[in-house]
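Student: Residue numbers (the numbering used here), protein chains in the order written: chain P, 170 to 501; chain F, 170 to 501.
Hints may be right or wrong, so weigh each one.
The list treats identical chains as one, so a pair stands whether inside a single copy or across any two.
As the list claims (entries may be wrong) - In silico EDC-like cross-links for lysine to aspartate or glutamate, where the CA-CA straight-line distance does not exceed 20 angstroms:
{"no.": "1", "residue 1": "Lys-465", "residue 2": "Glu-424"}
{"no.": "2", "residue 1": "Lys-322", "residue 2": "Asp-467"}
{"no.": "3", "residue 1": "Lys-423", "residue 2": "Glu-454"}
{"no.": "4", "residue 1": "Lys-499", "residue 2": "Asp-199"}
These aren't lab readings, by the way, just hints derived from the structure by calculation.
2 protein chains.
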Amino acid sequence: MTTKPLSLEDIFLLARNAMLNAGANEENADAIADTVMQAERDGSHSHGLFRVPGYVASLVSGKVNGNANPKIQSRTPVALHCDGDHGYAPVAHRRSLHVLADAAVDNGISVLSIDRIHHFAALWPEVETLAKRGLVAIACVSYTPNVAPFGAKQPLYGTNPLSFAWPRPDAPPLVFDMATAAMAMGDIQIAARDGRSVPIGTGLDARGHATTDPSEIIKGVLLPFGGYKGSHIAMMVELLAGPLVGETVSFVSKERDNGDGGPPQGGQFVIAMNPEILSGGNWIEQSEGFISRLSKMDGVRLPAERRYLNRKNTGPRQVNSDLLEQLQSKLK
Amino acid sequence: MTTKPLSLEDIFLLARNAMLNAGANEENADAIADTVMQAERDGSHSHGLFRVPGYVASLVSGKVNGNANPKIQSRTPVALHCDGDHGYAPVAHRRSLHVLADAAVDNGISVLSIDRIHHFAALWPEVETLAKRGLVAIACVSYTPNVAPFGAKQPLYGTNPLSFAWPRPDAPPLVFDMATAAMAMGDIQIAARDGRSVPIGTGLDARGHATTDPSEIIKGVLLPFGGYKGSHIAMMVELLAGPLVGETVSFVSKERDNGDGGPPQGGQFVIAMNPEILSGGNWIEQSEGFISRLSKMDGVRLPAERRYLNRKNTGPRQVNSDLLEQLQSKLK
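One chain only, chain P, in its complex shape:
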């Protein structure tokens, strides 16, 4: 695999121009390009420029609205709803996360149901944004069925990522963002592209047999992480990010999708909680003592540690040459 260096600003502009070129307006293009740039900045290639062809495909096919005008509504003072207007998720986030945060700061807890969006990015930007307001945050989305429930050989669950953020007074938030599949589909696609194998337990081939070949798993089915317990978490995400927010579960999302290569329509579930209120004002000593002890254990790395380290580097990023050429040629 050959790569070429590209500055973060050029990554942003490349993504932005690809979206504008595919018919998105500036607000939508900026919001999407920002998540692409942030993913490359933090070293998450599977959510970076790698996704741009998919973003573009669904703008071009008309499945996703590049001029989405998401609207936020308070169903109660703490139950907020955002109608994503068939757009990509980032513009919905820009308009709703601060409203969710305000409600949690005042009331201790608030929840955001987003429907009619297309989510094609990492989940940590949402929960990190909320944690920077001093809030504990949980977010999840579902997708299309790629993952077999524990014991089964047929897909039902999406890769269904779940993310969590915990605020810290003098450090960036503690954040995890993980697929409830044993491996995220983006990482399997990249492994297939780069000719790498994946561990046993990642997925099954089309005949239902275990394999280490990512291209066979793409034709077959992924497995949930952690056996039946991870399968329970995947099931919970399916329900929270679908029916609970008024949206479809993964298999229905797929049935309604046009197969253009971009993400299906779906929902997103986000909770924000104010630890000052929930704890009675007595939480930092315990949580900082815990995180400090965890971070000092032999063999342990805090989640998001590598991402924060990557973020300190403001220099250019190495981008897959074929991908770069493909994206640049389309803009000529």
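Could you slot chain F onto chain P? The hints should help.
Tutor: For chain F alone, coordinates are given in the frame of chain P:
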């Protein structure tokens, strides 16, 4: 292992009398005995009579208040706090879960922080109670450090169970209740008592080596389920059920515990959500379609299915003879 049959009523009375005999008042004894009976009824022996000696030990030592008078307070209309008054958790639940449910029914979401309790039971009774009110519920507790974070060989996390319930219109709720340890401590203790081995990956011995001997794991450390992803879930539970509710993390809970064999003081985190409000009134078709498809897949069993099946049997339960003799002799 020899067993003797005991009716559900006699199981309740045996547990109740053990609590009264150890100094609990009727309200506290009834609430505890009810969870013990329900566990035996549903086939969860590790949360049934097996726990009574531990319950009794902490009443006798004076660590747990058998005359607890928990008080519920609304910090905001949706952020409720219950001071457990150093009692066992079930009496706090009897006084607070219906208040939590009312707040979620009206506002879409509500959260309950319980502190100063001792939780020694399963978590499904709490979430099942809420789901029977038509609510989606999530609950968790921490414990004492028995589980090594992924990559480490020393304990930091409790077995930190997480439970979830989803309401169904014409069926009992979909519920899971699982330790974030690869196996719950109660099940490991029962395996050790009965001389059974446990799977590799359950835990490490005192020297940090993998073992299938549950008695060696009791001297060593448990592992989280599902590698680093399960470890993230365990970490989240540690923060939600400790600092977020104004309580201690597991390693501090242990430092403050008197080692009498009963559960340490800790907190509990419970969320309730009204799907009618969060979904805009449009959730049952999707969730029932999903659960129906899941339940029909080859190799899949819905969580709680076995528990609901056991519950239909109103006959006597088989109880370990040694345990029964031990409990009955103390009451003479």
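Student: Going through the earlier hints one by one, which of them does the structure break, listed in rising order?
Tutor: Per hint list: zero violations.
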